[in-house]
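Enquirer: Residue numbers (my numbering), protein chains in the order written: chain D, 3 to 128; chain H, 36 to 469.
Among these hints, one or two may not hold up.
[As the list claims (entries may be wrong)] DSS-like mimics (lysine-lysine), calculated; alpha carbons at most 30 Å apart, straight line:
id, chain 1, residue 1, chain 2, residue 2
1, D, 68, H, 239
2, D, 40, H, 224
3, D, 45, D, 68
4, H, 224, D, 111
5, H, 394, D, 115
6, D, 40, H, 268
7, H, 316, H, 224
8, D, 40, H, 239
9, H, 390, D, 55
10, D, 120, H, 316
11, H, 390, D, 68
12, D, 120, H, 75
13, D, 120, H, 394
14, H, 75, D, 68
15, H, 224, D, 66
16, D, 57, H, 75
17, H, 213, H, 131
18, H, 202, H, 214
19, H, 105, D, 120
20, D, 55, H, 131
21, H, 214, D, 120
22, H, 202, H, 281
23, H, 239, D, 6
24, H, 239, H, 268
25, H, 281, H, 239
26, H, 211, D, 55
27, H, 96, D, 68
28, H, 195, H, 211
29, H, 316, D, 57
30, H, 211, H, 131
31, D, 40, H, 267
32, H, 85, H, 131
33, H, 239, H, 202
34, H, 227, D, 40
35, H, 239, D, 45
36, H, 75, D, 66
37, D, 6, H, 224
38, H, 62, D, 45
39, H, 62, H, 454
These aren't lab readings, by the way, just hints derived from the structure by calculation.
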Amino acid sequence: MGTKVNLISGRTTVQGRNLDSKLSEEYFDEVARCDLNKADMEKLGVAADESVKVKTSYGEVIVKAKEDAGTPEGIAFIPMGPWANAVVSGDTHGAGMPVYKGIDAEIEKSGDKILHVKELMQTYMS
Amino acid sequence: MVEVTDVVCSLCGCVCDDITVEVEDNKVTKVKRGACSVGKSKLMGHNRIKSPAIRVNGELKDCSYDEAIKKAAEILAASRRPLLYGWSSTVCEADKVGVELAEELGAVIDNTASVCHGPSVLAIQDVGLPSCTLGEVKNRADVIIYWGANPAEAHANHMKRYSYVSKGFWTEEGKKAKKLVVVDVRATKTTKMADVFLQIEQGKDYLVLSALRAILYGHADVVPDEVGGVSKKDLLETAEMMKGAKFGATFFGMGVTHTGARQNNIVNAIQMTRAAHTHTKFTITPMRGHYNVAGINQVCTWETGFPFAVDLTRGYAWYNPGELSATDLLIRQECDAALVIASDPGAHFPGESIKHLAKVPVIQIDPFPNPTTEFADVVFPAAVSGVEAEGNVYRMDNIPIRLRKLIDSEYPEDEEILKRILDEVRAIKEKESN
Numbered sequence: 003m004g005t006k007v008n009l010i011s012g013r014t015t016v017q018g019r020n021l022d023s024k025l026s027e028e029y030f031d032e033v034a035r036c037d038l039n040k041a042d043m044e045k046l047g048v049a050a051d052e053s054v055k056v057k058t059s060y061g062e063v064i065v066k067a068k069e070d071a072g073t074p075e076g077i078a079f080i081p082m083g084p085w086a087n088a089v090v091s092g093d094t095h096g097a098g099m100p101v102y103k104g105i106d107a108e109i110e111k112s113g114d115k116i117l118h119v120k121e122l123m124q125t126y127m128s
Numbered sequence: 036m037v038e039v040t041d042v043v044c045s046l047c048g049c050v051c052d053d054i055t056v057e058v059e060d061n062k063v064t065k066v067k068r069g070a071c072s073v074g075k076s077k078l079m080g081h082n083r084i085k086s087p088a089i090r091v092n093g094e095l096k097d098c099s100y101d102e103a104i105k106k107a108a109e110i111l112a113a114s115r116r117p118l119l120y121g122w123s124s125t126v127c128e129a130d131k132v133g134v135e136l137a138e139e140l141g142a143v144i145d146n147t148a149s150v151c152h153g154p155s156v157l158a159i160q161d162v163g164l165p166s167c168t169l170g171e172v173k174n175r176a177d178v179i180i181y182w183g184a185n186p187a188e189a190h191a192n193h194m195k196r197y198s199y200v201s202k203g204f205w206t207e208e209g210k211k212a213k214k215l216v217v218v219d220v221r222a223t224k225t226t227k228m229a230d231v232f233l234q235i236e237q238g239k240d241y242l243v244l245s246a247l248r249a250i251l252y253g254h255a256d257v258v259p260d261e262v263g264g265v266s267k268k269d270l271l272e273t274a275e276m277m278k279g280a281k282f283g284a285t286f287f288g289m290g291v292t293h294t295g296a297r298q299n300n301i302v303n304a305i306q307m308t309r310a311a312h313t314h315t316k317f318t319i320t321p322m323r324g325h326y327n328v329a330g331i332n333q334v335c336t337w338e339t340g341f342p343f344a345v346d347l348t349r350g351y352a353w354y355n356p357g358e359l360s361a362t363d364l365l366i367r368q369e370c371d372a373a374l375v376i377a378s379d380p381g382a383h384f385p386g387e388s389i390k391h392l393a394k395v396p397v398i399q400i401d402p403f404p405n406p407t408t409e410f411a412d413v414v415f416p417a418a419v420s421g422v423e424a425e426g427n428v429y430r431m432d433n434i435p436i437r438l439r440k441l442i443d444s445e446y447p448e449d450e451e452i453l454k455r456i457l458d459e460v461r462a463i464k465e466k467e468s469n
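Required output: the full structure, derived from the provided sequences and hints.
Expert: Structural data, given as structure tokens:
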């Protein structure tokens with residue numbers, strides 16, 4: 003049983019610096035991660051850089067956990083990019099805009115491997 | 036070595052135009068002044084797509100531009116419901132050819148606004164936008180609000196060049212004589228700089244905006260002790276700060292466009308600005324992301340009457356975001372081919388919609404390999420606008436600025452590739468009609 007969180011995504015400097023090099027290791031390290039409050043990290047029993055599975059009604063993805071004091075308890079932040087988008091909602095509510103923030107998600111500790119960009123894209127081709 | 040001054044950055048909507056770089060042997064070797072770390076990274080360059088390519092048996096095989104043009108035109112001409120998407124990281128001259136191609140094909144043309152400030156466009160169409168140029172903000176504004184935006188990370192020069200940290204004609208003391216209010220769900224690098232940080236509960240922007248509107252209109256009595264996680268005391272303090280401004284400027288980001296009420300959040304933010312007008316001058320401006328997303332909205336509007344999500348299959352322009360925006364079209368599995376240029380839906384669309392995009396033939400025009408390349412069927416490497424190609428773009432405040440060419444490219448410009456595809460599509464259609 004995982005911890006229930008409200009998932010949001012957004013920009014970071016390193017994500018922006020790699021907009022034109024999304025296949026790089028720096029992008030992977032920055033974007034395939036999930037920021038969580040210390041209390042949520044403890045609840046999940048994960049340490050920094052350990053893998054977590056983020057599950058929503060729209061999909062699931064493995065990312066590494068990172069403790070962030072700026073992220074309030076109950077919120078999970080994944081930098082915008084392929085990993086966040088694996089679990090966001092495409093329902094645009096008639097406005098054209100998908101739901102990139104404010105998605106009910108469940109997070110649990112995971113031993114699974116974090117997929118690289120190319121591997122993640124492969125999952126859409128099957 | 037040549038030093039080039041007044042270089043224009045082609046990364047984000049700030050379009051900084053005071054950058055100095057060094058160029059040697061047809062390479063940008065150093066960014067000396069002006070650019071933030073994100074802009075610097077863009078100017079210094081990254082790994083490129085090396086050759087045009089066509090996917091054969093699951094693998095991209097290098098080919099000539101002629102072969103790729105022919106293949107792309109065949110795909111588009113045979114398509115019954117093509118989607119032409121992107122257009123925000125290229126110049127207006129290319130965007131214009133894009134709209135012409137959409138007209139020729141009877142395609143749906145959409146741009147990245149539909150996943151960033153599309154709701155802002157809808158709100159502006161609804162209630163207008165009391166805005167101003169960034170130059171006016173620099174020279175006049177003494178109260179700055181960032182709502183649902185983290186410029187310290189996403190638009191790193193915005194505060195320095197235009198708002199809180201800048202020094203202008205009537206703001207010569209800089210930040211010492213200014214107040215900064217930041218509204219966000221998380222504590223960020225931007226909130227750390229704020230005089231007032233309103234940490235709201237996620238998705239409660241509409242409520243907090245409504246409370247501020249009520250206070251600004253003199254109805255503080257109806258506001259409860261806490262709204263969306265913010266205390267009434269903090270709301271009253273913020274409203275007083277707004278009322279006391281000589282010139283206030285609100286900037287809003289995807290924290291409001293991506294959330295809950297979407298365009299209704301923006302309508303409310305614009306109405307809050309109007310409420311502030313009962314006391315002082317106040318403006319509001321969206322923090323546009325790509326350097327020319329404002330430009331494709333301009334070009335698409337000149338050419339079709341509408342800024343994004345435009346269907347040209349009927350022989351006239353039909354506008355309906357929510358139906359014709361790229362995500363909706365893909366989730367309904369409606370388009371049967373796509374041309375993606377100057378954007379990366381593979382990285383930035385919800386997985387649900389990428390599934391369909393990965394199934395249909397995709398033509399990609401981009402200088403850099405990215406997640407979209409992983410499923411693209413025809414790939415064109417292009418020159419990097421603002422480094423290897425010049426052209427006009429629109430800054431986030433809709434000021435047109437001309438990008439400069441710094442070095443020669445071995446790759447053609449977006450405009451040239453699009454023109455060649457358009458010519459080939461016309462040739463196929465003419466052949467078919469004979």
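Enquirer: For each hint, tell me whether it holds in the structure or not.
Expert: So, going through the hints one by one against the coordinates:
1. D:68 - H:239: holds, 25 Å
2. D:40 - H:224: holds, 19 Å
3. D:45 - D:68: At roughly 14 Å apart (the allowed maximum being 30 Å), residue 68 (chain D) and residue 45 (chain D) satisfy the hint.
4. H:224 - D:111: holds, 28 Å
5. H:394 - D:115: Satisfied, since the Cα-Cα distance of roughly 26 Å is no more than 30 Å.
6. D:40 - H:268: holds, 28 Å
7. H:316 - H:224: holds, 28 Å
8. D:40 - H:239: holds, 23 Å
9. H:390 - D:55: Within the cut-off at roughly 21 Å; holds.
10. D:120 - H:316: violated, 50 Å
11. H:390 - D:68: holds, 29 Å
12. D:120 - H:75: The given pair, whose Cα atoms are some 26 Å apart, holds under the 30 Å limit.
13. D:120 - H:394: holds, 16 Å
14. H:75 - D:68: Distance of about 27 Å is within 30 Å: holds.
15. H:224 - D:66: holds, 22 Å
16. D:57 - H:75: Given that 30 Å is the threshold and the Cα spacing comes to 36 Å, the pair is violated.
17. H:213 - H:131: With Cα atoms ~41 Å apart, residue 213 (chain H) and residue 131 (chain H) exceed 30 Å; violated.
18. H:202 - H:214: holds, 13 Å
19. H:105 - D:120: holds, 28 Å
20. D:55 - H:131: Given pair residue 55 (chain D), residue 131 (chain H) is violated - Cα atoms ~44 Å apart, limit 30 Å.
21. H:214 - D:120: Outside the cut-off at roughly 45 Å; violated.
22. H:202 - H:281: holds, 15 Å
23. H:239 - D:6: holds, 19 Å
24. H:239 - H:268: holds, 17 Å
25. H:281 - H:239: holds, 28 Å
26. H:211 - D:55: violated, 46 Å
27. H:96 - D:68: violated, 40 Å
28. H:195 - H:211: Cα-Cα ~13 Å, so holds.
29. H:316 - D:57: Given pair residue 316 (chain H), residue 57 (chain D) is violated - Cα atoms ~46 Å apart, limit 30 Å.
30. H:211 - H:131: Given pair residue 211 (chain H), residue 131 (chain H) is violated - Cα atoms ~44 Å apart, limit 30 Å.
31. D:40 - H:267: holds, 28 Å
32. H:85 - H:131: Given that 30 Å is the threshold and the Cα spacing comes to 26 Å, the pair holds.
33. H:239 - H:202: Not satisfied, since the Cα-Cα distance of roughly 34 Å exceeds 30 Å.
34. H:227 - D:40: Measuring from Cα to Cα gives roughly 19 Å; hence the hint holds.
35. H:239 - D:45: holds, 26 Å
36. H:75 - D:66: Measuring from Cα to Cα gives roughly 28 Å; hence the hint holds.
37. D:6 - H:224: holds, 26 Å
38. H:62 - D:45: violated, 51 Å
39. H:62 - H:454: With Cα atoms ~27 Å apart, residue 62 (chain H) and residue 454 (chain H) stay inside 30 Å; holds.
This entry does not satisfy hints 10, 16, 17, 20, 21, 26, 27, 29, 30, 33, 38, going by the numbered hints stated previously.
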